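Engineer: Knowing the structure of chain W, use the given hints to seat chain V with the ligands on it.
Number of protein chains: 2
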Amino acid sequence: AVLMSVGSFIASAQQLNTDQQAQLNALKTTALQSDLSYQLIESLTTEVGHRLMGSEGDKKSIVWAVNKMKALGFDKVWTEEVTGSYWLRGEAKARIVAPYPHDVVILALGGSIGTSKEGLTAKVAHFETLADLKAAPDNSLNGKIAFVSYQMERHIDGDGYGPAVGTRVGGAVVAAQKGASALIMRSVGTDNNRTAHTGVMRYKDEVKKIPAAALSNPDADLLVNQLKRGEEVSMYLNMTAKTNAEVVATSANVIGEFTGSELPNEIVSLGAHLDSWDVGTGALDDGLGIGMVMAAAHHIGQLPKRPKRTIRVILFAAEEVGLLGAKQYVKAHKDDMNAHVMGAEWDFGIGRIYKMTPGVGAQSLNAVRELAQYLAPMGVALAPENNAKGQSDMSALSDAGMPSINFSPDGSNYFDYHHTENDTLDKVEPEALKVNTAIYTMYAYFAAQAMVDFRK
Amino acid sequence: AVLMSVGSFIASAQQLNTDQQAQLNALKTTALQSDLSYQLIESLTTEVGHRLMGSEGDKKSIVWAVNKMKALGFDKVWTEEVTGSYWLRGEAKARIVAPYPHDVVILALGGSIGTSKEGLTAKVAHFETLADLKAAPDNSLNGKIAFVSYQMERHIDGDGYGPAVGTRVGGAVVAAQKGASALIMRSVGTDNNRTAHTGVMRYKDEVKKIPAAALSNPDADLLVNQLKRGEEVSMYLNMTAKTNAEVVATSANVIGEFTGSELPNEIVSLGAHLDSWDVGTGALDDGLGIGMVMAAAHHIGQLPKRPKRTIRVILFAAEEVGLLGAKQYVKAHKDDMNAHVMGAEWDFGIGRIYKMTPGVGAQSLNAVRELAQYLAPMGVALAPENNAKGQSDMSALSDAGMPSINFSPDGSNYFDYHHTENDTLDKVEPEALKVNTAIYTMYAYFAAQAMVDFRK
Ligand SMILES: [Zn+2]
Ligand SMILES: [Zn+2]
Ligand SMILES: [Zn+2]
Ligand SMILES: [Zn+2]
Chain W
377 AVLMSVGSFI
387 ASAQQLNTDQ
397 QAQLNALKTT
407 ALQSDLSYQL
417 IESLTTEVGH
427 RLMGSEGDKK
437 SIVWAVNKMK
447 ALGFDKVWTE
457 EVTGSYWLRG
467 EAKARIVAPY
477 PHDVVILALG
487 GSIGTSKEGL
497 TAKVAHFETL
507 ADLKAAPDNS
517 LNGKIAFVSY
527 QMERHIDGDG
537 YGPAVGTRVG
547 GAVVAAQKGA
557 SALIMRSVGT
567 DNNRTAHTGV
577 MRYKDEVKKI
587 PAAALSNPDA
597 DLLVNQLKRG
607 EEVSMYLNMT
617 AKTNAEVVAT
627 SANVIGEFTG
637 SELPNEIVSL
647 GAHLDSWDVG
657 TGALDDGLGI
667 GMVMAAAHHI
677 GQLPKRPKRT
687 IRVILFAAEE
697 VGLLGAKQYV
707 KAHKDDMNAH
717 VMGAEWDFGI
727 GRIYKMTPGV
737 GAQSLNAVRE
747 LAQYLAPMGV
757 ALAPENNAKG
767 QSDMSALSDA
777 GMPSINFSPD
787 GSNYFDYHHT
797 ENDTLDKVEP
807 EALKVNTAIY
817 TMYAYFAAQA
827 MVDFRK
Chain V
377 AVLMSVGSFI
387 ASAQQLNTDQ
397 QAQLNALKTT
407 ALQSDLSYQL
417 IESLTTEVGH
427 RLMGSEGDKK
437 SIVWAVNKMK
447 ALGFDKVWTE
457 EVTGSYWLRG
467 EAKARIVAPY
477 PHDVVILALG
487 GSIGTSKEGL
497 TAKVAHFETL
507 ADLKAAPDNS
517 LNGKIAFVSY
527 QMERHIDGDG
537 YGPAVGTRVG
547 GAVVAAQKGA
557 SALIMRSVGT
567 DNNRTAHTGV
577 MRYKDEVKKI
587 PAAALSNPDA
597 DLLVNQLKRG
607 EEVSMYLNMT
617 AKTNAEVVAT
627 SANVIGEFTG
637 SELPNEIVSL
647 GAHLDSWDVG
657 TGALDDGLGI
667 GMVMAAAHHI
677 GQLPKRPKRT
687 IRVILFAAEE
697 VGLLGAKQYV
707 KAHKDDMNAH
717 VMGAEWDFGI
727 GRIYKMTPGV
737 GAQSLNAVRE
747 LAQYLAPMGV
757 ALAPENNAKG
767 QSDMSALSDA
777 GMPSINFSPD
787 GSNYFDYHHT
797 ENDTLDKVEP
807 EALKVNTAIY
817 TMYAYFAAQA
827 MVDFRK
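Going down the list, the protein sequences come from chains W and V.
Start counting the first sequence at 377; every next residue gets the next number (this note's numbering).
Start counting the second sequence at 377; every next residue gets the next number (this note's numbering).
I should point out that these hints are in silico values taken from the structure, not numbers from a laboratory.
The structure presented is a predicted model; accordingly, all values stated were derived computationally and were not measured.
Wrong hints could be hidden among the right ones.
If chains are identical, the list can't say which one is meant, so a pair holds when it fits in one copy or spans any two.
[To be verified] In silico lysine to aspartate or glutamate, EDC-like type, Cα no more than 20 Å apart, as pairs:
1) K604 with D411
2) K604 with E423
3) K554 with D581
4) K832 with E642
5) K604 with D802
6) K731 with D451
7) K469 with D479
8) K618 with D508
Same shape as in the complex, but just chain W (with noise of 0.2 Å):
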């Protein structure tokens, strides 16, 4: 019989028979009635604190993780090493000295060297985006401050980043450039708190090192209306910021898996970093994903029988200060990057997930559509493109092959909180982070039994 009824031939092209789909609805209930995810990110905020490469903090965040991870019943525990370099905030002091003394609240970018130990005392020089800062003559900002006071738009998607972050990457390169001896830029961030937002810069080699500091939002808008005023605004900077260049920071990515039953050499990757910025607990920046990753794959391997697949857990090191332990992941397995049949990571804050974007083989499109009918209930639509990549570090295991599915949460609020001392516990919604988790215990679970090649 060449024709086939429409049932059955939706049958047949599903990847998880009756009682896999039995299995997926039992996690699903498990994952949204489980506080493991939100009571590890508990833990390790309370017990553990800021995870900055190198810190004290990150040397007992891996032991934290391989200890939990043993705890939760992994198959498979293990650290590889990841070096990278060890910067110092130390301390930052600012203060608008004329028209009067008031205090502002900055933060230095990591990375940034700090300013000589008198600090440095300077007109303010503004200027409104990065472009308008590119297009000041050479030397015009002799002995000035750079002040850049582009403001961050917020957005569902953080659409707002991308075109806001270049000041705080490449500014101080280009404020160097016009003979400037420190950068002083509005914080990429969306909030309206005195809190200012770090977050990674880069010098180069060929031009003069200088500090570079974010400010705070409200400290932005005065400095804007003093200067508006069209008299001289000055300010002192002091900062002890530096890289420790006597040592080689160590730290490692933490590894667990939960074996495969049928293929185990096929690895499903859940990914998070294990690092985080030094000002708050990093509780969004990646606690988050570090509780959901974790508590999916506890979940999973709680069944009667491990999935067909691998479910493989990696926390990477030093994610914040340029993918460094990513890197090293897709290094050290390059040999095996094939292996890697699907991947995703959690690093994109507390909001729901509405949206799932594939990146994967069009053969393999009918699977991801059954995966999005599973997933549909949980408010989450599948999206026309097919191009995704996974997230943060595992961006890095994208462009080295591995298929990806990203899921997008409402991000709107995710830049208030971002790279802030404000990054802790209080913000991470217990409710909200139930239902990501499921979503991502569903995933994998699907991604481990469905027996698609996710390439093709």
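Structural biologist: Only chain V with the ligands this time, still in chain W's reference frame:
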């Protein structure tokens, strides 16, 4: 004719005639279209900054207010000296030492002493409430830091403040009586920022003075979670706060008026406080009030003819440190307190006014009802009670017999910013400010024209 029609009865009872009602409506339109109150706040916060009693900013603000009143056409402008002590915040650093080193965010409470130069490190003893602290046995806190973790509740009318503020004002005395070497309290605030809330505290002469500081809400959460685990939690505290005993701080109430055309010796007073805490720029507390009452008086002063009674704006000194300006005002004006026929202050944030509560003689309630009719279209309801006192400073004038009408805003968010470094211009919502300014303008005009004795 003994019988009057209902219509003419109402007409005869009305305080404002048709012309005056037209003027009231014109004032409403003017105030709703004017951004004068915002411009005043912008000017004060941008050009002067904070205004702590005795500081340079305080002195500058007096000059600022006198100049602005003159520029706004006030008929008379003068200052009345207020003296007090000058408290210096200095620096305040705190750090969790165990279970792991973690900087926490604190602010010294206003009036607190500092620690020794080396600071102090001590075990943290946790109390959920001030009552729990009071119940601790004498000497049970010897060598410890007392930590009270009571969390203020959010309420539309700010009712959560009362139960929370007792620890701030009196907690250090209680902690010292039990032998504690310092008091750390969860901030009196409803936000979840790493931002502490300052505010005045008191010592008693017969009790040892110990340093007292407020901790940000997320840091208080972290401490509570660490303490829950039952292991030792200790903190390092270093504060350089002190009261400058060498000098008497001098400030001033700044007073300006538009003289009444018929009853110049009867005063409708509009109050706000000119001082602020030193951590933000005092935009909400009480830049808002300053902008509103100066703009309201100015709008009325622009009418072709002054209203019958005098409109007096009083910008009080040193409210934050104990109503020093208001107390001085009542003392200096005790012989003409009867001339203060009506008065109100604005010192409660940017929320929309939804309610007015009189505190007047029973016979003048009809006049209040008439005012309420004019304000009803602005969303202001008349409360059934008749027991209101003026806000903040004006409560001292109420206590001295001045009738008042209290306007209640939605205060749900007020304590997110109250007494923090987040009290900055960006929190002022220009449209809400126009509405509240219009209400104050209409109220002041009505009180200056209504020929009723509000004391009766
Ligand atoms: Zn991240
Ligand atoms: Zn990050
Ligand atoms: Zn106030
Ligand atoms: Zn206040």
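Engineer: Each hint should be assessed against the structure and marked as holding or not.
Structural biologist: Results for each hint:
Taking the shortest alpha-carbon separations for K604 and D411, only the inter-copy value of 18 Å comes in at or below 20 Å, while the best intra-copy value is 51 Å. In this assembly of identical chains, K604 and E423 lie within 20 Å of each other by CA distance solely across copies; the values are 12 Å between and 47 Å within a copy. In the homo-oligomer, the alpha carbons of K554 and D581 lie at most 20 Å apart inside one protomer (16 Å), although the nearest pairing across protomers, at 60 Å, exceeds that limit. When the C-alpha separation of K832 and E642 is checked against a cutoff of 20 Å, the pair qualifies only within one copy, where the shortest distance is 15 Å, while the shortest distance between copies is 88 Å.
For the identical chains of this complex, K604 and D802 are inter-copy neighbours only, at 16 Å across copies versus 38 Å inside a copy, given an alpha-carbon limit of 20 Å. For a Cα distance limit of 20 Å, the shortest separation of K731 from D451 qualifies neither inside one copy, at 32 Å, nor across copies, at 64 Å. Taking the closest pair of Cα atoms, K469 and D479 come within 20 Å of each other both inside a single copy (8 Å) and across two copies (16 Å). Taking the closest pair of Cα atoms, K618 and D508 never come within 20 Å of each other, the shortest separation being 28 Å inside a single copy and 46 Å across copies.
Checked against the numbered hints listed earlier, the structure breaks hints 6, 8; every other hint is satisfied.
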